[in-house]
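There are 2 protein chains.
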Amino acid sequence: MDTEPPLQLRIFDLNCWAIRYLSKLRQERIGLIGDTLSQEGFDLALLQEVWSERDYCELKQKLAAHYPYSHYFKSGVIGSGLCVFSKYPILDTFLYQYSLNGYPYMLQHGDWFCGKAVGLLVIKICGVLFHVYVTHLHAEYCREKDAYLPHRVVQAWELAQFIQHTAKGADVVLLGGDLNMHPGDVGIRLLRGWTGLRDSFADTETFEGCEDGCTLVPANCFTSKMDLQPFPLGIRIDYVLYKGLSHFVVKCDSLVTTTGIAPGKSIPYSDHEAVIATLCVKRRQEAKGLGGSAVEPELVDVVNEARTEVRVGLHAAERQRYTNGRMAILALLLLLLQAAMGLSSLVGWDSQQPFPKFSFSLLSLLATVVLLVSAVLYVFHTIEVRMLQGTEEQMRLALQALQDKLGSL
Amino acid sequence: MDTEPPLQLRIFDLNCWAIRYLSKLRQERIGLIGDTLSQEGFDLALLQEVWSERDYCELKQKLAAHYPYSHYFKSGVIGSGLCVFSKYPILDTFLYQYSLNGYPYMLQHGDWFCGKAVGLLVIKICGVLFHVYVTHLHAEYCREKDAYLPHRVVQAWELAQFIQHTAKGADVVLLGGDLNMHPGDVGIRLLRGWTGLRDSFADTETFEGCEDGCTLVPANCFTSKMDLQPFPLGIRIDYVLYKGLSHFVVKCDSLVTTTGIAPGKSIPYSDHEAVIATLCVKRRQEAKGLGGSAVEPELVDVVNEARTEVRVGLHAAERQRYTNGRMAILALLLLLLQAAMGLSSLVGWDSQQPFPKFSFSLLSLLATVVLLVSAVLYVFHTIEVRMLQGTEEQMRLALQALQDKLGSL
Chain A
1 MDTEPPLQLR IFDLNCWAIR YLSKLRQERI GLIGDTLSQE GFDLALLQEV WSERDYCELK
61 QKLAAHYPYS HYFKSGVIGS GLCVFSKYPI LDTFLYQYSL NGYPYMLQHG DWFCGKAVGL
121 LVIKICGVLF HVYVTHLHAE YCREKDAYLP HRVVQAWELA QFIQHTAKGA DVVLLGGDLN
181 MHPGDVGIRL LRGWTGLRDS FADTETFEGC EDGCTLVPAN CFTSKMDLQP FPLGIRIDYV
241 LYKGLSHFVV KCDSLVTTTG IAPGKSIPYS DHEAVIATLC VKRRQEAKGL GGSAVEPELV
301 DVVNEARTEV RVGLHAAERQ RYTNGRMAIL ALLLLLLQAA MGLSSLVGWD SQQPFPKFSF
361 SLLSLLATVV LLVSAVLYVF HTIEVRMLQG TEEQMRLALQ ALQDKLGSL
Chain B
1 MDTEPPLQLR IFDLNCWAIR YLSKLRQERI GLIGDTLSQE GFDLALLQEV WSERDYCELK
61 QKLAAHYPYS HYFKSGVIGS GLCVFSKYPI LDTFLYQYSL NGYPYMLQHG DWFCGKAVGL
121 LVIKICGVLF HVYVTHLHAE YCREKDAYLP HRVVQAWELA QFIQHTAKGA DVVLLGGDLN
181 MHPGDVGIRL LRGWTGLRDS FADTETFEGC EDGCTLVPAN CFTSKMDLQP FPLGIRIDYV
241 LYKGLSHFVV KCDSLVTTTG IAPGKSIPYS DHEAVIATLC VKRRQEAKGL GGSAVEPELV
301 DVVNEARTEV RVGLHAAERQ RYTNGRMAIL ALLLLLLQAA MGLSSLVGWD SQQPFPKFSF
361 SLLSLLATVV LLVSAVLYVF HTIEVRMLQG TEEQMRLALQ ALQDKLGSL
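Chains as they are written, first to last, in the working numbering: chain A, 1 to 409; chain B, 1 to 409.
Everything labelled a hint here was simulated from the structure, so no lab data went into it. A few of these clues could be false.
In this list, chains with the same sequence are indistinguishable; a pair is considered to hold if it fits within one copy or across any two.
[As the list claims (entries may be wrong)] Straight-line Cα separation of at most 27 Å, DSS-like style, residue types lysine-lysine; simulated pairs: (1) K168 with K251; (2) K282 with K251; (3) K145 with K124; (4) K265 with K87; (5) K251 with K62; (6) K251 with K225.
Using the sequences and the accompanying hints, generate a full structural model.
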């Protein structure tokens, strides 16, 4: 490739918001996305929130001519929603499910049911080995009081660790997806600091699209204007990040986002804006050492900040576990008491049953339901506590290694 | 290292069978294991089934002088049971939880509650980068009718994929653990074929211990003689596997297993035998190509065989999901019917309640419990179906890549 022209790649990234029965104009929008992908002939399309496999199959059929290779990552109850369409053969795939991903009882949010994950695809393009990652992190429903922040920080940490550990053999690393984090949030600083990934918006030569690169904007008719009130320009939560390893250097030639509606159409592709990055991959004159990029001293602060968030989550999870454990014990005691009373009246010790039978049995129904639900939740929150403790310990170890590295410089 | 003597490492691997309140002589055995590890001064000790963190902390305290570095992998409800003690600094750790791991309602087996996983540790020993993996796969409770076989095959596949994707930067790969598979089982052939890992028992220069390298033997007083009846010599399910990458070659100088009791003591360390491998790591004269080892044509058959097992599991999971879905719908219908009857008698349409109130409310209690349990199980089995479908699809893709590779030879 030394004498060859640099490799140019066009990447399309979009959170499609394609939830059956719930997302507005879903079928029209999926049709529109398919048409655009066909016409534009990108090299790679990284899609999120394609929740229905029927939609994926429709896209696959439509795009077979332009994107002969594709993959849908299955996980959770309704699928991960992650899929990729590629012009080039997909050599291998691997899925990593985040160990924490919200709560099953938060039905109105539903993130738990999606089995949020990061999918890895190994793709060779003109002799260059790409490790392409596609992901979607837990949503932020209330920025002021974000109950899911510790889970999202754990996800960002696991994503960073997963990329670091699996990208060693790659020439180029590419990550696309809805990270549900603003550019300055601790999770994204952790992810970028830990992996050395570059932000296509920050690095692009030319940019066209929403101000500040926002991907959730008030101009989009599907976004909630209420949620975006504190951010009149919108927010940027969809990213294309990249880095070149050892022999390769990657640059972003241009970045484009849609601006509320699909170009030349009357409706948007989704409630998110699409991000289209044109990347240029060049072989380096001299290979970079295997030691990777230099460690930034600020990374220590970022890992510490993330660790604090994990600790906050740990306390909350411990509280929840305690509450559920106490509730389960109370319900069990009530049931035992009722059983004893029932038995004593059956054997005739106590001929006069003090409670009407109907309320008595209604109460036992309630106690049984409470016992069952609290026991399951106790188990669930115990797993949450374990995972948060594990992450906290991992971060402690990482900090130590980081400080050793900085100390030896 | 060219002129240096080869690096020699002594690895201790043991499934410790340390379940609080359930495992016999647990505290004595943990004490014994600690004493042996202290006296013998291995380079690495890979332990499984250390379920109680108190036991881990006791070991950590006891071993602080000889093994200053250690790590416990947290996952599941009661912890993964995996821990490692090392003479050399642990630079990084990473945990991958298997996506399938039995059923939460199989309380008597309990594997689900352990959150079975593979732990990765990055350790540098005399300038050689080791990726050390420690794992414990789902147990086999009945070999003739092994309901967990598809889950174990999925775990073996995920383990193989995890090692392949994370070991690229390593000089030496080392895997120790209780794989719960006999040497000829499809899962172990898949793991070894896919990763190119070598079996220390098959490759060792000298061997001392139980016949055939068995690690679950009738001579051990804690093993169930009934379960081992079809195998008079015992079975081999604990392994130390390894491979050298690019610049390094690894050989097994000697392998030792305990033979029913701890050397010089009156009781065994555990119901499993310990495996002690002495490995020799040498720098290769010429680096091996990055392409890795040649693809064996038999691997296609092995992946196909594994895929068939996954398909069998998929059908079983779909049946289970269907049964639970039907049960939930029936319970819901019964509850609705009861609610309608209750309402009609309340508003006086039907002054004569045909059922005694007590049985009526007992029935509603039962219906509610059945509805709750079936709904949760329906969700659980849907996740199982998704993961099995995903693995099957991944294996299909892997087969395709394998056949392309073989075709191009």
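Right, here's what the structure says about each hint:
1. K168 with K251: both (20 Å within a copy, 25 Å between copies)
2. K282 with K251: within (8 Å within a copy, 40 Å between copies)
3. K145 with K124: Cα proximity of K145 and K124: none, with 43 Å in one copy and 43 Å across.
4. K265 with K87: This pair counts as within: shortest intra-copy Cα distance 25 Å, inter-copy 64 Å.
5. K251 with K62: neither (31 Å within a copy, 53 Å between copies)
6. K251 with K225: Answer is neither: 35 Å inside a copy and 65 Å across each miss the 27 Å cutoff.
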